[in-house]
Each structure stands twice: as structure tokens, then as C-alpha cells.
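Student: Using the hints provided, position chain H relative to the given structure of chain X.
2 protein chains.
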Amino acid sequence: VRFLDWHLERLVTGCERLKINLRDVDPLRLELRQAAAAAGEGLIKVIVTRGEAVARGYGISGTEVATRLVFRYPLPPDNGVAAREGIQARVARMRYGENELLAGMKHLNRLEQVLARSEVPAGDAAELLVFGSSGQLVSGTMSNVFLVQGGRLRTPRIDRCGVAGVMRRVVLHHAALAGLSAEECTLTPDDLAEASEVFVTNARIGIWPVSTLDGRALNVGAVTRRLQALLAPMLENPVDAPGHAQ
Amino acid sequence: VRFLDWHLERLVTGCERLKINLRDVDPLRLELRQAAAAAGEGLIKVIVTRGEAVARGYGISGTEVATRLVFRYPLPPDNGVAAREGIQARVARMRYGENELLAGMKHLNRLEQVLARSEVPAGDAAELLVFGSSGQLVSGTMSNVFLVQGGRLRTPRIDRCGVAGVMRRVVLHHAALAGLSAEECTLTPDDLAEASEVFVTNARIGIWPVSTLDGRALNVGAVTRRLQALLAPMLENPVDAPGHAQ
Numbered sequence: 001v002r003f004l005d006w007h008l009e010r011l012v013t014g015c016e017r018l019k020i021n022l023r024d025v026d027p028l029r030l031e032l033r034q035a036a037a038a039a040g041e042g043l044i045k046v047i048v049t050r051g052e053a054v055a056r057g058y059g060i061s062g063t064e065v066a067t068r069l070v071f072r073y074p075l076p077p078d079n080g081v082a083a084r085e086g087i088q089a090r091v092a093r094m095r096y097g098e099n100e101l102l103a104g105m106k107h108l109n110r111l112e113q114v115l116a117r118s119e120v121p122a123g124d125a126a127e128l129l130v131f132g133s134s135g136q137l138v139s140g141t142m143s144n145v146f147l148v149q150g151g152r153l154r155t156p157r158i159d160r161c162g163v164a165g166v167m168r169r170v171v172l173h174h175a176a177l178a179g180l181s182a183e184e185c186t187l188t189p190d191d192l193a194e195a196s197e198v199f200v201t202n203a204r205i206g207i208w209p210v211s212t213l214d215g216r217a218l219n220v221g222a223v224t225r226r227l228q229a230l231l232a233p234m235l236e237n238p239v240d241a242p243g244h245a246q
Numbered sequence: 001v002r003f004l005d006w007h008l009e010r011l012v013t014g015c016e017r018l019k020i021n022l023r024d025v026d027p028l029r030l031e032l033r034q035a036a037a038a039a040g041e042g043l044i045k046v047i048v049t050r051g052e053a054v055a056r057g058y059g060i061s062g063t064e065v066a067t068r069l070v071f072r073y074p075l076p077p078d079n080g081v082a083a084r085e086g087i088q089a090r091v092a093r094m095r096y097g098e099n100e101l102l103a104g105m106k107h108l109n110r111l112e113q114v115l116a117r118s119e120v121p122a123g124d125a126a127e128l129l130v131f132g133s134s135g136q137l138v139s140g141t142m143s144n145v146f147l148v149q150g151g152r153l154r155t156p157r158i159d160r161c162g163v164a165g166v167m168r169r170v171v172l173h174h175a176a177l178a179g180l181s182a183e184e185c186t187l188t189p190d191d192l193a194e195a196s197e198v199f200v201t202n203a204r205i206g207i208w209p210v211s212t213l214d215g216r217a218l219n220v221g222a223v224t225r226r227l228q229a230l231l232a233p234m235l236e237n238p239v240d241a242p243g244h245a246q
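Protein chains in written order, with my numbering: chain X, 1 to 246; chain H, 1 to 246.
For the record, the hints were derived by calculation from the structure and aren't laboratory data.
Here the structure is a predicted model, which is why all the values come from computation and not from measurement.
No residue lacks a Cβ here, since even glycine has one placed at the ideal position from N, Cα and C.
Watch out, some of these pointers could steer you wrong.
Covered by chain X, per the in silico footprint, the following chain H stretches (three or more residues, Cβ under 8 angstroms) [said to hold, decoys possible]:
(1) 50 to 60
(2) 78 to 84
(3) 109 to 115
This is chain X alone, in the form it adopts within the complex:
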């Protein structure tokens, strides 16, 4: 399972922050390896819920035990065009609400992502970039976002909203190993307008360059290509990947 340790690390952290009693994560780790072995190539989705409640309402009793669900899907068809030629993206009108207690988590409250995604048909934008209510760039609806400005790699901080994507972490990790200057910072609409390269990431797609942003053509540039090349072996062979337990 690609980047399994980093996925589970985020899951465990998220459960701790939400006071979800996941107990030992090792049974889930084993289930995922077994599901992956049975699937060959495919997608696995994990949902952890707080578990059965003792009463109605928003209160937590502290006695709930998490329920885990593991779903297996065939790998969606991908002819590599998006990674090679880039995607059309748009800036969403909707802005994400901000709550530091939820920032970074991949939780299931995803109404904002659904609403942002519904602004534009998939044929008009493979992804939408979304700002936060304070005006800073956050992410896509299903991806993290990176900009290249003056040769420097930059990605939004995820301390107010957004998801700490595993592929975001992989990109930051390998950029650092390769000596590429990379920083997490606050990014404005001007930063986005002035970026020489823009790309989005998630664990399924890897890196998708943005070749058109709100109708403006963007260069699929050297930094994006270099990162794609650095990550390619890992996406093909998970054993070489960071976050992969030996």
C-alpha cells in the first residue's frame, strides 16, 4: 500500500484530535495489506467512525469504540494525459470556513468541498482552487496545491483549514532531499496570479500540473517536471516510497 505509514499516521492523529477511540491501529494496517494483496492494483478507502453512541446528541460518552470500514475500488482509468499535459483549473467562488481544531484532518465533513466542486462541471475544470474565509489560498477540493515563484516551491499552510495531504508531504519531503527550496506559507490571490507554475497533488493522482487557470495558459515548467520525475519511481514501486514500512 503506497505511503501506508504516512496515511495511518495522519489517521491516528486525526482520531486523537477528534477523541475517536481507534485503539490499536495494527489490525487496520493488516486489513489494508490484505485488501491490497487481494486487489493487485486498485484504490482502497478507509472510513473510521466514532462508533455506536450510547445516547442522541453531540456529546461523547468516552465509551464509544471506533468502527472501521475498508472499501476497495478498481483503479479509475488514467491515460496519463493530466499528468503529462496538465489540467484546466478554476478558482472557486466559495471560500472555506476556518477552524484550527479541524485544520489538516481528513475528516468526513466535506460539504464545502461538494459545494465548491458543484460550481463548475468537471469538463470545464478538473479541479477548483479554493481560498479561505480570511482570503488566503488553501487547496483544491480534492487536492493540495503548490506554486512556483522565482524558482521557489510554495504551498499553503494548513493551520486554519485544508487537509494535510500525504502526497503534499511526499512532495515537500522529496523537494527538500533534492535541494529544492520549499516552504509552507500564506499565499494570496496575487501570489497565485504571479506564479510561474502551479500544480495539484493527491495520493491517487500524484502531481497534476495546472496548464490553464481561469482561462489563463500556464507553463508546465521545470520545477513541476523535476518533481514528477523524482516521484515517478515511488508511484510505480511503493517499496521505495517514504512512509512505506519495510
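Tutor: Just chain H, lined up with the frame of chain X:
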């Protein structure tokens, strides 16, 4: 079913805003009446989901048809002490994120309410009052909130976050009918600190005065008592209630 029309009105509006295809609401109305007739006294909870998706991801195909679920619960024990003597409440440390596209809806993304509620055990606070990320008072975790200042009734606007509670609407409606000055406005921590009366509302509890706020004793005053008296017949006999179809 108490205030059935107003509950359904909010549900229909919420589905429209979320692009959930509920189609005709009348079958649900009928189901609720039947469930209520079978239950006698009790709680009914309705959940509407967008329905089965044709694909993974956040995109809406437009062909989904909503699923509705109707749950019936016994009425929780209530000895009337909270309504009579008031409740202990606290101000939550957590603040709600703000998104005008979600404001007012009773949707199912309730992680913030769960987190706020988990700050304090139920024994230490029957409700927590929550501010928004911009600093304005929003609501409780499961209730709307009203203040009395200089004899005037005031409740937070719900244009950035919060739920358009049916009991909130009932209170505003009957305050107006009774000639009580009532307004929806932006309320600050100072407003809360200076309020002579504070109470919270929801469709189940009616009006609960706040008698202790963060340890400070509050008067259960004349405006709160007058509103409780105005609403009492309606809570006992739904046929007299607004939003009740004849």
C-alpha cells in the same frame, strides 16, 4: 407534529441550497404524521441524504435522488427543572468556521458542534455558547441563543454560520406578535457580558433560561418568563402552533 410546516420549509430550502433532489416533500410529510400518530409523544428525527452516487468523489451528477430516513425516539425524561430554574452554560473556546453558503442550514456536518460540546462535561454545562471565527456570537451547540439588553430581545444573525432553528423563528414570531422589540444582529462578547437575561432555544427544549454563565449568576428575568408563557400553550398543543398546517 409540532411546527411541522416550518421544519419542512427549512428542510426544503436546505436541500435546494445543497442541490439535493428531494422531489416532492409531501410523502415525507405524510410519513412524519403517521410516525407521530403511532408514537403518541416522542421525538422524530429526519435525515435526508443526497442519495446513491454514480461515482466516487465530490462531484454531483445531477441524477442522484435523495434518500430519506425517519427515526423515532421516546421523549427524553424532562422534569421541567431546566425550563423553570435555568441551566448552567459556558462559552466554548472553539469558534465556528464561517461559510455563508452553509449558514442557516441544519446539515449533517456537525464536527464543530461535537468538538465544542466535548470541551466540558454535561454536568458542568447543559449547553456551550459558541462564537464565530470573526468574533461574533453564533449559537449554542444544539440551540439558538437570545439575549435581553435594555428590555430588548436580540439574537445573532445567522448569515455566516449557525442554524435557522425553528424554535428561534417561533420566538421571534411570537415576540413580534406580543409587541416585544426583537432584532437579529451582530453580538459581541461584550453584549453577552452585559445581557440582563440569556436563554437558549430549540424545538425539543423550547426555552431554557441560562441561570449561570461561566460561573456568573444570571437573572431569569421578565422577558424570558413572558416568552415562556406565550409559548407554553403551543408546546402543549401543537394545533395552535405557527407552522402547523390545519
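Student: What hints, given by number in increasing order, does this structure fail?
Tutor: 2
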